[in-house]
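Student: Sequences listed follow chains A, W and F, in order. Heads up, the first sequence is in our numbering, so the first residue is 1 and it goes up one at a time. Heads up, the second sequence is in our numbering, so the first residue is 738 and it goes up one at a time. Heads up, the third sequence is in our numbering, so the first residue is 887 and it goes up one at a time.
Check before you lean on any hint, since a few could be wrong.
Straight-line Cα separation of at most 30 Å, DSBU-like style, residue types lysine-lysine; simulated pairs [to be verified]:
(1) Lys-1287(F) with Lys-1042(F)
(2) Lys-281(A) with Lys-576(A)
(3) Lys-728(A) with Lys-1042(F)
(4) Lys-281(A) with Lys-1305(F)
(5) Lys-576(A) with Lys-1305(F)
Which residues of chain F face chain W? A few of them, derived with a C-beta cut under 7 Å, are [said to hold, decoys possible]:
(6) Pro-1173
(7) Ala-1187
(8) Ala-1192
(9) Ile-1208
(10) Ala-1209
(11) Pro-1211
(12) Gly-1248
(13) Ala-1249
(14) Gln-1254
(15) Val-1264
Worth flagging that the hints you see were computed from the coordinates, not collected in a lab. Cβ atoms here follow ideal geometry from the backbone N, Cα and C, with glycine treated the same way.
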Amino acid sequence: MRPARRDFLRRSGALVVSFALFPAARAQQPGGHEGDGLPGSLRTTPFLDSWIRIDASGAITVCTGKAELGQGIKTALLQVAAEELRVPFERLAIVTADTHATANEGFTAGSRSMQDSGTAIRNAAAQVRELIEAEAARRWNTGVDGVHSDAGFAIAADGRRAAYGELAAGLSLHVQAKPASRFVDPREYRVVNRPIPRVDIPGKVAGDVAYVHDLRLPGMLHARVVRPPSYGAKLVALDARTVESRPGVVKVIRDGDFVAVVAEREWTAVKAMRALAETAKWQESARLPDAASMPQVVLGLKSEDTVIHDKRAAVPAGARTFEATYTRPYQIHGSIGPACAVAHLQDGALTVWTHTQGVYPDRQAIAQLLGMPNEKVRLIHAEGAGCYGHNAADDAAGDASLIAAHLPGRPIRVQWMREQEHAWEPFGPAMVARVRAAMDANGRIVDWDYGVWSNTHSMRPGPAGNLLAGQHSAKAFQPAPPKPLPQPEGGGDRNAIPLYAIPSAHVVNHFIPEMPLRISALRALGAYLNVFAIESFMDELAAAAGADPVEFRLRHLEDARGRDVIELAASRFGWKPGVRAAAGRGRGFAFARYKNLAAYCAIACEVDVDAESGRARLVRAVAAVDSGQVVNPDGLRNQIEGAILQSASWTLYEAVSFDAARVRSIDWATYPILRFGAVPETVEVHIVDRPGMPFLGSGEAGQGPTAAAIANAVADAVGRRVRDIPLKAARLRATRG
Amino acid sequence: MKLDVNGQVHDIASEPDTPLLYVLRDELHLNGAKYGCGLGQCGACTVLADGEAIFSCVTPIAALGGRRITTLEGLGTAARPGAVQRAFIEEQAAQCGFCIPGMIVRAEALLRAHPDPTEAQIRTALQPHLCRCGTHMRILKAVRRAAKA
Amino acid sequence: MTLIVAACASTEAPRPKVAAPRPAADKALLARGEALAALGNCRTCHTLPDGKSYAGGVPFKTAFGTVYSTNITPDVESGIGAWTEAEFIRAMREGVDREGHNLYPVFPYDHFTHVTDDDDRAIYAYLMSRTPVKARHPHNELVFPVNIRASMSVWKKLYFKPGPHQDDPARSRAYNRGAYLVDGLGHCGGCHTPRNAAGAEVPGRELDGGEAEGWHAYAINARSQAPTPWTEATLTAYLKHGWQADHGVSRGPMAPVTDELGDVPEEDLRAIATYLVTLMGSRAAEPAPAATQAAPSEGAAIYAGACAQCHDGTQPLPFGGIALPQSIGVSGESPRNLFNVILYGLPPAEGEAAPMMPAFEGALDDRQLTQLAAWLRVRFSRREPWTEAQLEHELREARRKGGEGARYPAGGNAIDPAKGS
């Protein structure tokens, strides 16, 4: 049985010392220049042994600065490494995001893991293999062209062989990568582009220690935070003494407006938290806008406007103009497992186990929070439930760290409650998009004007002030001023520029600094609303032109790979122009290239809408995806299927509920998501194979197209267009009378 | 009090009003049952009591003396998975995997009562369970596969 | 002999099915018909779960066997598309079908007989405007002699008094309107009145309390056991929204009723409330029972670990469950619904914010359930404790029959958590 991962409890310092604390570490700050010109994350972390390590026994460890979020990245990176190293897959182990052991690859986000880390590992592995082959050639006094590698051995033309471990003992892998590598020919792939089973699933279905929630350290205490009732509330009174005197309660911590209770047993902590909350008196000041008129609120907030696309051409006379406004409310990540972290302050050094997407940035925030130097703070990624962006993980790490600082010497485990996760996680922001287009007599779009209004989509740490513990503690750190994420990635304006060939197009990003509710990155960022808007509008234009929706898109798309996924999805769905779905049903289509530079995804779907109640269900979805070189086709399918069902839930049901002072959707009753009763009959994902092409991030490619495909199918079913997410029953109900 | 978990009787030190979930995780160090909501809304904490699926997050141990508790760990190990676990591995029915133990335990209860369930019965049985990653289609496939095995 | 002759005489020859000529229906008439159909709740009895609206096929288990509701969409072949307006009115008034055969009083024509001709016309127009659906259903499975429709003439002679509603001139307009709706379309007594061995509502015991789908339908007259008496305002709110802070959530078979009533003009709901509150009479509100009332017991430990997280929690009303001193489930005349709710929970609504509750069926055994219910009764109500025999009987019935009525999510149009309490 292969070692699937290191036991993070027993991770020894020895292997790590040679790597973590020496000059190489300084090169690991993103933006470092040592690796300029190198592919992927080699640019910031150019040394080969930052990625691949071989010990004397021949054990090979792959190191990545990315984190396993349930997207299967560990398996995929192992596949890439195994392929280029020419080593059996089972022989490799992988270490993920650890500020003392792995490269700084920023956040595991933006669907960049394969592009950043996969590319770095692919190159590093290939170059390590080259070094090993060169070493073998040197030892055998033969030309390196006569040496090849297989199954962890370097093999000479005459059959002599030497194991990697033996060869690596005489080598230093602490060498800078070269800009180019001699890769394995994709036609000879043995593990890449194979559906290798995920290395982490067997342990998870058996109850092995797998998540940060499963960590148990000697002497560990259980903590719960008492959160304020609303944003900005100030603690006026608290009766800590009564709760502190309960048997099993170790301490009540009050640090400014940050309140927590620590106990020996977990249930004691939960009960103490409730009792403590009842004694707490808060002065509330939050004034939240009217949820029902959020689009008007968004449009009314001050914005910084940037033209992100401007191509002008004369508009022919007689062109008809159309316009529409599309909106999206605040929505939650809603991880199934509320956030958790364990922190241990011992001898002036802090270790934190956390499911943050970014151990380095979160480390910096926590170091600032506690006034400690970075080197004294170690963050180790341990898995959480699916995060889908910047959820409460970083905050839990901040909470645990702050509490640990008040109780040095004891490991502190903080578990967020469900209600706290729903109310305090940073949401996906409310957004508005306005589009106006002109079409000529031949049904071609000749002018396009698009504006999107949104907050930033990233308030990640950053500074301590981006953590709740930082904001609420006595030091009252301030959040960083929000900044837009620049194109071509974009934040609120991600995918705001249509991929279609439109001769005259003008796109404006209206960046809104003021954040009435706490927000940050939610899977796909602005692309969810922008693709929803653009692809709904394409259907509206198609209908006005009397054109079939699929044909209308092809009419305007020159990108060959985009055309391929559109045609594949349509054909596998059985899309025929003019053929209508059965009564009460509708079919819809949508397409986008995530960020206009990552994976291509087209989706055709069928919905069922009950006219009397307005209740809509997704019944069938067929997707086609082009991710460039596929590493794990099953993992890719899993991600796209998941995106389709998650986005269906967002699009049909979800909106954060809040009144004038407080967030009110605080559990699954008040914020319902998709349940099995409404799950589709079938979901198919078809992959377009592109061997040898660069990896294209796919984890977020399905969110936007699903939303639009469903909206288009609903419009087809009810004969009426709804432009506001969620497409709730009340909006779809047949009009009265 | 004493609790029979996966065939072993344990002396439990926790107070009687403690939900079973915390006893399983913190006293017995069993990881399968998970804290997802503590409100009986998501199913991540599901275990079996005398073969019936219950939410361990809202069942105090005071109510479970004399019952035979089965958790995920009682169905098989990573080295020797049980039939339902094996089906989930074969179908790769997991993304983050957090909701999966609850699904597996519920499926086990379903298949013990209905070895050849209809699609409708499977969906109804899983209705109390939430999956946020959208793994529903594979979960259904895994349960169908386990039923056939 | 006479009865059989009388039954035969009322039978007409079967007539061909062609689409009936229909009077013109304007928007106002259709809107009124829709509201009246909601008050009569045609939809719930005539629509299968996940089925097409009004297409029938819902099985009703009676003491005499199973009756299936009919297809009342305007499909000519399998629905009522061939029915004339006059035939529809006759069915509502006299309980006979197009050919004059008796209808089974599972269709509550003992109440619908009170509906005026004008209202029947509006309902007819509304139903005829629905989507026609082809749907045939299983034959009724009834024991002899009930399986012969003619035998219902005996039942009708004993228990059925046809004829439209008569106002009481001494009462207000709202009262009379409410009485008309409650006795007629609302057919509240259909669930809320006890029935005799013949399955008929017991005369003189109107609204004293009854049963539906294994759930107890509480007394809604002077025998009401609600800890806080209903007022016109609170009862109107409950009927409209499916919940009310002093009384709880509409659930079980009442849930689809309030679902429908949410779309009815509010003045009709106020009229119903006026009538019922008048029947209930005035009563002082009761103080909440003291916290020290109940002796600590196994019930207390179960409550602390299983129930308190929501019922003593901070979720906004009605989501966390109301404070139990307010609950008719605990203070009511029967523990049946308390057992139903604990056993089966309250299922989530699809895509809508709604109260939900987990099912404790597998977690608690019979002894624990009776202990818990007994403890709740003493701790949270001022009523006589339920007897052990009563608890055991009602738990047995809840296990046997309550699951049926437990499938409905909480009643009420979508509740906005921001506007809850």
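Student: Compare the structure with each hint and give your call.
Tutor: A quick look at each hint next to the structure:
{"no.": "1", "hint": "Lys-1287(F) with Lys-1042(F)", "in the structure": "28 Å, holds"}
{"no.": "2", "hint": "Lys-281(A) with Lys-576(A)", "in the structure": "63 Å, violated"}
{"no.": "3", "hint": "Lys-728(A) with Lys-1042(F)", "in the structure": "46 Å, violated"}
{"no.": "4", "hint": "Lys-281(A) with Lys-1305(F)", "in the structure": "23 Å, holds"}
{"no.": "5", "hint": "Lys-576(A) with Lys-1305(F)", "in the structure": "46 Å, violated"}
{"no.": "6", "hint": "Pro-1173", "in the structure": "28 Å, violated"}
{"no.": "7", "hint": "Ala-1187", "in the structure": "4 Å, holds"}
{"no.": "8", "hint": "Ala-1192", "in the structure": "5 Å, holds"}
{"no.": "9", "hint": "Ile-1208", "in the structure": "16 Å, violated"}
{"no.": "10", "hint": "Ala-1209", "in the structure": "17 Å, violated"}
{"no.": "11", "hint": "Pro-1211", "in the structure": "21 Å, violated"}
{"no.": "12", "hint": "Gly-1248", "in the structure": "3 Å, holds"}
{"no.": "13", "hint": "Ala-1249", "in the structure": "4 Å, holds"}
{"no.": "14", "hint": "Gln-1254", "in the structure": "5 Å, holds"}
{"no.": "15", "hint": "Val-1264", "in the structure": "18 Å, violated"}
Checked against the numbered hints listed earlier, the structure breaks hints 2, 3, 5, 6, 9, 10, 11 and 15; every other hint is satisfied.
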